[in-house]
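Colleague: Could you build all of it, start to finish, from the sequences and the hints given here?
There are 2 protein chains.
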Amino acid sequence: MIKIAVLGYGTVGSGVVEVIRTNEKVIDQRVGEELRIKYVLDLRDFPGDPVQDIITHNFEDILKDEEVKIVVEVMGGIEPAYTFVRQSLEAGKSVATSNKALVAKHGASLLKLAKEKNVNFLFEASVGGGIPILRPLHSSLTGDVIEEITGILNGTTNYMLTKMFYEGADYEEVLKEAQDNGYAERNPEADVEGYDACRKIAILSSIISGQQVDFEDIYCEGITKITVEDMKYAKAMGMTIKLLASCKRDGEKLNAMVAPFLLHREHPLFSINGVFNSIFVHGNMLGDAMFYGSGAGKLPTASAVVGDIVEEAKHLNRNLGVGWSEEKLALEDKKDVKRRFFVRMKGKKEDFEEKLTEEFGMLQYAKAEGVEGEFGFLTPVMPEGEYEKKAETFRDSILGMIRVEE
Amino acid sequence: MIKIAVLGYGTVGSGVVEVIRTNEKVIDQRVGEELRIKYVLDLRDFPGDPVQDIITHNFEDILKDEEVKIVVEVMGGIEPAYTFVRQSLEAGKSVATSNKALVAKHGASLLKLAKEKNVNFLFEASVGGGIPILRPLHSSLTGDVIEEITGILNGTTNYMLTKMFYEGADYEEVLKEAQDNGYAERNPEADVEGYDACRKIAILSSIISGQQVDFEDIYCEGITKITVEDMKYAKAMGMTIKLLASCKRDGEKLNAMVAPFLLHREHPLFSINGVFNSIFVHGNMLGDAMFYGSGAGKLPTASAVVGDIVEEAKHLNRNLGVGWSEEKLALEDKKDVKRRFFVRMKGKKEDFEEKLTEEFGMLQYAKAEGVEGEFGFLTPVMPEGEYEKKAETFRDSILGMIRVEE
Numbered sequence: 001m002i003k004i005a006v007l008g009y010g011t012v013g014s015g016v017v018e019v020i021r022t023n024e025k026v027i028d029q030r031v032g033e034e035l036r037i038k039y040v041l042d043l044r045d046f047p048g049d050p051v052q053d054i055i056t057h058n059f060e061d062i063l064k065d066e067e068v069k070i071v072v073e074v075m076g077g078i079e080p081a082y083t084f085v086r087q088s089l090e091a092g093k094s095v096a097t098s099n100k101a102l103v104a105k106h107g108a109s110l111l112k113l114a115k116e117k118n119v120n121f122l123f124e125a126s127v128g129g130g131i132p133i134l135r136p137l138h139s140s141l142t143g144d145v146i147e148e149i150t151g152i153l154n155g156t157t158n159y160m161l162t163k164m165f166y167e168g169a170d171y172e173e174v175l176k177e178a179q180d181n182g183y184a185e186r187n188p189e190a191d192v193e194g195y196d197a198c199r200k201i202a203i204l205s206s207i208i209s210g211q212q213v214d215f216e217d218i219y220c221e222g223i224t225k226i227t228v229e230d231m232k233y234a235k236a237m238g239m240t241i242k243l244l245a246s247c248k249r250d251g252e253k254l255n256a257m258v259a260p261f262l263l264h265r266e267h268p269l270f271s272i273n274g275v276f277n278s279i280f281v282h283g284n285m286l287g288d289a290m291f292y293g294s295g296a297g298k299l300p301t302a303s304a305v306v307g308d309i310v311e312e313a314k315h316l317n318r319n320l321g322v323g324w325s326e327e328k329l330a331l332e333d334k335k336d337v338k339r340r341f342f343v344r345m346k347g348k349k350e351d352f353e354e355k356l357t358e359e360f361g362m363l364q365y366a367k368a369e370g371v372e373g374e375f376g377f378l379t380p381v382m383p384e385g386e387y388e389k390k391a392e393t394f395r396d397s398i399l400g401m402i403r404v405e406e
Numbered sequence: 001m002i003k004i005a006v007l008g009y010g011t012v013g014s015g016v017v018e019v020i021r022t023n024e025k026v027i028d029q030r031v032g033e034e035l036r037i038k039y040v041l042d043l044r045d046f047p048g049d050p051v052q053d054i055i056t057h058n059f060e061d062i063l064k065d066e067e068v069k070i071v072v073e074v075m076g077g078i079e080p081a082y083t084f085v086r087q088s089l090e091a092g093k094s095v096a097t098s099n100k101a102l103v104a105k106h107g108a109s110l111l112k113l114a115k116e117k118n119v120n121f122l123f124e125a126s127v128g129g130g131i132p133i134l135r136p137l138h139s140s141l142t143g144d145v146i147e148e149i150t151g152i153l154n155g156t157t158n159y160m161l162t163k164m165f166y167e168g169a170d171y172e173e174v175l176k177e178a179q180d181n182g183y184a185e186r187n188p189e190a191d192v193e194g195y196d197a198c199r200k201i202a203i204l205s206s207i208i209s210g211q212q213v214d215f216e217d218i219y220c221e222g223i224t225k226i227t228v229e230d231m232k233y234a235k236a237m238g239m240t241i242k243l244l245a246s247c248k249r250d251g252e253k254l255n256a257m258v259a260p261f262l263l264h265r266e267h268p269l270f271s272i273n274g275v276f277n278s279i280f281v282h283g284n285m286l287g288d289a290m291f292y293g294s295g296a297g298k299l300p301t302a303s304a305v306v307g308d309i310v311e312e313a314k315h316l317n318r319n320l321g322v323g324w325s326e327e328k329l330a331l332e333d334k335k336d337v338k339r340r341f342f343v344r345m346k347g348k349k350e351d352f353e354e355k356l357t358e359e360f361g362m363l364q365y366a367k368a369e370g371v372e373g374e375f376g377f378l379t380p381v382m383p384e385g386e387y388e389k390k391a392e393t394f395r396d397s398i399l400g401m402i403r404v405e406e
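Protein chains in written order, with full-length UniProt numbering: chain A, 1 to 406; chain B, 1 to 406.
Worth flagging that the hints you see were computed from the coordinates, not collected in a lab. The beta carbon of each residue, even a glycine, is placed where N, CA and C say it ideally should be.
Here are the simulated DSS-like cross-link-like pairs (lysine-lysine), alpha carbons at most 27 Å apart as the crow flies:
#, chain 1, residue 1, chain 2, residue 2
1, B, K25, A, K248
2, B, K112, A, K25
3, A, K112, B, K25
4, B, K38, B, K64
5, A, K232, A, K390
6, A, K314, B, K112
7, B, K25, A, K115
8, A, K298, B, K248
9, A, K3, A, K298
10, B, K235, B, K338
11, B, K334, B, K389
12, B, K335, B, K248
13, B, K25, A, K328
14, A, K235, B, K235
15, B, K115, A, K25
16, A, K248, B, K298
17, A, K25, A, K38
18, B, K232, B, K176
19, B, K349, B, K338
20, B, K328, A, K25
21, B, K314, A, K115
22, B, K314, A, K117
23, A, K314, B, K115
24, B, K335, B, K346
25, A, K389, A, K338
26, A, K367, A, K389
27, B, K314, A, K112
28, B, K314, A, K314
29, B, K348, B, K232
30, B, K3, B, K117
31, B, K248, B, K105
32, A, K253, B, K25
33, B, K3, B, K298
34, B, K253, A, K25
35, B, K117, A, K314
36, A, K390, A, K338
37, A, K25, B, K248
The calculated label-pair distances, taken between Cβ atoms and stated as ranges, are:
#, chain 1, residue 1, chain 2, residue 2, range
38, B, G370, A, G251, 52 to 58 Å
39, A, G400, B, P50, 50 to 56 Å
40, B, T83, A, K25, 36 to 42 Å
Modeller: Here it is in structure tokens:
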């Protein structure tokens with residue numbers, strides 16, 4: 001019998017308990033022996049709950065119990081999660097976590113420690129919820145150089161943008177609705193400013209590069225400035241707007257970014273709607289692939305955590321080789337990354353056309369039904385630094401800019 | 001250094017050589033030591049080709065060479081592939097293959113042999129080409145009871161159906177075009193009759209059930225009877241027609257089928273177009289997930305084979321536990337599986353309406369623009385056996401039936 005401990009009995013923690021209890025029989029078959037929860041750590045008591053007899057308030061109980069081979073950290077936040085995970089690994093216990101903040105910040109050192117102790121530190125649920133993506137990258141796409149990972153990694157913002165696109169609703173209205181039905185937090189900053197997606201793409205970037213990518217180094221722009229007019233232009237151009245988190249290889253360097261992007265109808269991520277997440281991968285041999293599913297939610301996230309627990313139970317005392325070095329990766333400067341830009345300007349196209357052509361070359365103009373007193377255009381492909389310089393001339397008239405994903 | 005041998009220098013075999021040579025550096029890093037091809041087995045010689053010096057015509061050279069730890073079978077067909085794979089495993093060599101016919105027929109016994117010899121027999125490329133699906137099922141979705149796998153598993157037929165749907169082309173015309181540009185074989189039977197997809201869903205069914213599912217037991221219907229009119233009705237109903245290979249849990253039993261299905265616009269497989277493959281999975285905890293990519297082609301398929309080679313190289317002399325028992329699984333009788341059916345009848349709706357309602361209950365009638373002298377209807381949900389009995393009454397007037405995937 002393999003005994004495990006679950007740190008935190010919140011949404012994901014109670015989901016992990018539910019998954020293990022519901023699917024006990026098949027899980028035991030897959031592990032090859034019985035997998036049982038010995039402790040649940042939480043500050044609260046849960047009288048009447050199935051876990052009432054295994055609740056502990058003291059992490060030391062778990063740490064000192066040699067029977068506990070796997071610790072499941074689903075508390076969230078950096079502390080005390082980091083200390084508990086570190087101590088668990090040092091004590092020779094494997095750890096599974098859904099904590100993206102912890103992995104983005106301390107992943108490299110915790111993976112190193114797990115390797116030293118010949119145990120495992122796995123975190124499939126930290127990116128894309130229930131979607132298997134980290135293990136496929138580590139164990140399946142190993143014949144490829146991964147040239148691109150672009151994901152819709154935040155369900156809340158994708159739900160909001162989908163509503164804005166299909167229903168013409170404005171940002172504030174959609175945010176309120178998302179909050180009312182529980183898709184968005186009362187303080188929605190982590191989602192709408194892109195911080196959540198940013199930590200996830202930092203983890204993916206570290207995995208494909210094999211080096212530490214700090215989320216603070218990734219340019220991150222949320223969806224708070226996306227307007228009804230932007231969506232009208234997108235529609236008129238046969239495109240949509242999605243919050244993309246991407247990491248791309250450009251020669252020897254990687255560049256990474258989180259921002260709203262205009263996407264063409266042919267792009268595989270175009271039709272990913274609602275709270276779903278999807279991750280597009282391009283390998284130099286594989287070509288295009290995509291992974292789709294529930295990026296959040298109690299049971300899908302718990303499903304991914306339990307997948308890690310089973311993998312750890314099957315490989316007790318045998319490190320699986322997941323890891324990246326603590327050496328920090330220098331990302332390509334966003335100013336050097338080439339793409340097209342969609343720009344909205346106030347005024348009449350006729351008054352600007354000559355000057356714009358002089359500055360940008362041939363432009364593709366766009367009109368959107370019901371949008372008056374302004375016009376839009378798509379620039380040619382150019383480095384973002386060059387765009388910024390050229391745009392400076394028109395600063396007072398530019399209403400907004402959205403990058404284009406080809 | 002780990003030495004491997006490639007059996008067969010056809011499309012996939014030359015792809016495997018290309019992937020390993022192109023990505024040598026990253027592959028060696030992932031394996032942890034150098035991975036090199038020592039032999040390529042083929043009946044032919046390849047003067048001037050990079051492999052000319054490592055070609056052998058004699059399998060015994062490979063079998064007797066103890067340096068060769070991994071044998072890559074990419075010849076296709078049952079014999080001599082089966083004998084070579086069996087002998088390789090018996091000699092303590094791991095085997096990676098893309099050969100779906102071999103796996104569907106002899107998978108259980110070869111997996112058992114690999115386990116006895118403490119080596120591995122992997123076959124990711126046999127289902128879905130470059131798409132990682134078998135390893136995710138085995139190593140990631142292990143917290144779930146898989147309740148459904150439904151895939152577009154054949155690129156040729158999906159290309160043809162896509163053309164028929166979007167361009168209104170007829171079957172013969174599209175088949176000729178697919179043959180002319182190399183998407184379909186001169187003898188297209190394996191694709192258009194569904195045999196290829198059937199072997200793949202047999203493998204997936206065996207994996208999720210843990211028992212042998214014989215492809216001969218799976219009802220298999222191809223796309224040869226799909227007409228321009230069928231597509232017109234599909235469009236009129238806001239649906240499309242796809243060749244689906246599916247395996248679903250219905251209580252204690254599994255049912256499996258390959259057939260053309262009508263799909264609603266909201267179904268995740270609706271928008272999978274062209275030669276791409278996609279596999280939809282529903283887990284009892286995970287909910288819906290989908291895996292998408294190139295289901296065939298030299299390099300995508302080779303990418304999956306190389307992923308298996310790397311996994312085997314990382315786990316030499318350690319069986320990874322992939323397997324299903326040789327005990328045959330009894331599938332649910334197709335007559336007991338409940339669904340809706342779309343039926344086309346010649347004549348006037350008015351002449352049949354009363355009798356149809358008497359037989360089937362309330363029907364949903366469909367009209368398609370430009371289709372004269374006939375009408376269509378959707379039945380309520382009912383077991384296929386019941387549908388067949390009721391349809392018998394109208395046998396002489398029924399032009400065709402297509403199942404509906406809800």
